[in-house]
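Taken in sequence, the protein lines are chains A and B.
Numbers 1 to 479, taken from the numbering used here, label the letters of the first sequence in order.
Numbers 1 to 210, taken from the numbering used here, label the letters of the second sequence in order.
Rather than coming from a laboratory, the hints here were simulated on the basis of the structure.
Among the hints, erroneous ones may be present.
With a cut-off of at most 30 Å between alpha-carbon atoms, the simulated DSBU-like pairs for lysine-lysine come out as follows [unchecked claim]:
#1 A:Lys373 <-> B:Lys54
#2 B:Lys54 <-> A:Lys32
#3 A:Lys180 <-> B:Lys54
#4 A:Lys180 <-> B:Lys9
From the derived model, a few chain B residues whose C-beta atoms are all more than 10 Å from chain A [said to hold, decoys possible]:
#5 Asp36
#6 Arg155
#7 Gln193
In silico contact screen, one side only, chain B against chain A (beta carbon under 7 Å); selected entries [stated by the list, open to error]:
#8 Lys9
#9 Arg11
#10 Leu35
Glycine residues also receive a C-beta, built at the ideal position from the N, C-alpha and C atoms.
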Amino acid sequence: MNPLPVQKLHKTLADANLQLAIYTATGRLMDKRQDSIPAHLAGDFQQWREQAHQVKKHTLENLDHYLEQLESNVTGRGGKVVYARDGGEVADFILDLAKRKNARLIVKSKSMTTEEIDLNERLEHHQLEAVETDLGEYIIQLAHERPYHIVAPALHKTRYDVASILTQRLGVEREIVIEKQTRIARSVLREKFLTADIGITGANFLVADSGAVVLVENEGNARLTSSAPRVHIAVAGIEKLIPRAVDLAVFLKLLGRSATGQPLTVYTSFLSGPRRSGEIDGPEEFYLVLLDNGRTRLLADRPKRQSLYCIRCGACLNHCPVYRKIGGHNYPWVYSGPIGAIITPQYLGVAQDPWLPFASSLCGACAEVCPVKIDIPQILLDLRSEATKAKDRERQGRLEHLAFRLWAWLMCHPRLYELGGLMASAISGNGEGRGWLRTLPAFFNVGPLRAWMSQRDLPPPPRRTFRQLWRTRSEREEG
Amino acid sequence: MSRDYILHKVRTAIGRSAGQEPAPVPPVLLRVPQLDEEQRLESFSQALEKLAGKTYRAASAADACSYAASLIGSGRAVASNAPFLRECGITGLAGVRTGFLDPDELRSVCAEADIGITSADYALADTGSLVMLSSHREARLVSLLPPVHLAVVPRERILTGLDELLTLLPQPAGQTSSMVLITGPSRTADIEQILVRGVHGPGEIHVVLV
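Excised from the complex, chain A in its bound form:
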């Protein structure tokens, strides 16, 4: 994992336009979610969350069974299932297939799983053109960036940014009206859809009893990607399974509302295998690529296994006070926000500088809105504990250790503690009501304390300590 990107963080915080863009967009998403759960649905919504949690728990505890069931149903309907340990294996499979099909052009609909394994770069490296077709994802691809948000990849781009990107990359005249920008993208991408050899999608759900891939979207690009080209490849993590088609009743209602505040998104596609005989259109071949890439490691960790329940709605990002300040590009991987903070260290393995689980105020907003009830704050605490133990083992952080032992010792000695309080008052020298303490006295203003104070102000110590006040009060009452 990369070290804490201090300079980049400061740049994000100082960029007023960016701050406004993040704040406004996440704010709108929060409002839309709230509006889609009116008071008369509040009880049902909680029941759906609990049901979804239980179904996901059950599925993962019996995952091998459902994987085999899915596989046999996909195969039975004329599709093929391919297992991949990592991004390299996914790319190898697709490159080999593209070669056999003599394919050049690939259209893609938005998929965090393919972002996770840098699939576009891997394909382009072998002279294949892979075009993103979700509007936000297309903008990001043209700008050579990573998605800023799980659901809204171009959340940080204003219409003016988009105008510049379209002009630079497509050579069109500068256009700042959002509707017209959308038309430009539509006409460029329409041509791609009609000429593409292969369509690659992700999957919002994999349905074991049907051998089906479920795709949820608003634009129609996932429908086109999965219907227009002769070959459809769906790439999905093995944790995306649900047992039955009937379980969708709960999951679709939760996903639409939590992600974009829609009772149902515009298009929900339930796809099982290639076009069947008698059907007029649809792909001739269907492949489902099931990706591990760290998921089985996480599966083995019973307390943290629930991280795999995630349905990628992005609600925890929108509600996170940290994400809303630092945005999506300061996180070390493609998954940002609270869910990124817990799955990144677990998928990639906790590395030398695991700052991510510590970058949270543990306010709990993420757990409150999570549609599948993942206890994100608890997992953050567990990860912190693991990171600290790892540091101890490597005999790092001894100073911190010492400081806390000193603190604990002080707390056990009331007289000394009181003396400390008096000293603090004396040194800082500020009386009550004279504003905040912005720096510490020079002697203390070093190392971690200095770093801590650089982002925080403290109320000054009061002129009289609590103990002094208490004694005065007791004397008065006795007297």
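Based on these hints, arrange chain B on the given structure of chain A.
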């Protein structure tokens, strides 16, 4: 082989052995409300119009046909092979091409058409959705490529919602390779969370309930 490797890792992670029966699955949570046909019609229209879709209650097949005729005007339309469209006389209207069975031909006609006309297997009252099962009657691209989508649906096909659909059709894959729920016109909010209609799919949707 990665298949066996991954399945082995999964089994080790959760402590199961190959072929072991799964634990009992949690009971299904489906709730189907009781609504009469008028209530379903009303709810469907309200939900779809909230999404800027248009609905029209046709008194008869002929009425539906004249709605279609005025929408098509002098434009080019492509109709699916749904028998109900023929029954309404829509496939015989000027400017309407239909009866395609070849995918390449269908695709190029759809790409040029101003309006795509379909029926629907079901409609969902609470969300204003159309349910389209791919078959020899309904192709996927007719409701997708043209900028306007007109669906002509017998009103008895309106179900209360998703829960009723999945109660009736617990195994959609048994019937079709593709079941699509269409809820309003194609839209995006990817730039500044500002709503724009008609990105890749139709920007306009009309549902005639016969």
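Results of checking the hints against the structure:
Among the hinted pairs, Lys373 of chain A with Lys54 of chain B is inconsistent with the structure: their alpha-carbon atoms are about 37 Å apart, more than 30 Å. For the proposed pair Lys54 of chain B and Lys32 of chain A, the alpha carbon gap of about 23 Å is at most 30 Å, so the pair holds. Taken as a hint, the Lys180 of chain A and Lys54 of chain B pair is honoured in the structure, with Cα atoms around 23 Å apart against an allowance of 30 Å. With a CA separation close to 50 Å, the supplied pair Lys180 of chain A and Lys9 of chain B exceeds the 30 Å bound.
Distance check for Asp36 of chain B against chain A: the nearest CB is about 20 Å away, which clears 10 Å, and the non-interface claim stands. For Arg155 of chain B, the non-interface assignment is confirmed: its Cβ lies about 20 Å from the closest Cβ of chain A, beyond the 10 Å cut-off. A beta-carbon of chain A is positioned within 10 Å of the beta-carbon of Gln193 of chain B; the least distance is around 5 Å. Taken as an interface hint, Lys9 of chain B checks out: its beta carbon lies about 4 Å from the nearest beta carbon of chain A, inside 7 Å.
A distance limit of 7 Å between C-beta atoms decides the matter here; for Arg11 of chain B the minimum to chain A is near 5 Å, and the interface restraint holds. Because the smallest distance between the Cβ of Leu35 of chain B and any Cβ of chain A comes to about 16 Å, over 7 Å, the interface hint for this residue is violated.
Hint compliance for this structure: hints 1, 4, 7, 10 are broken, all remaining hints hold.
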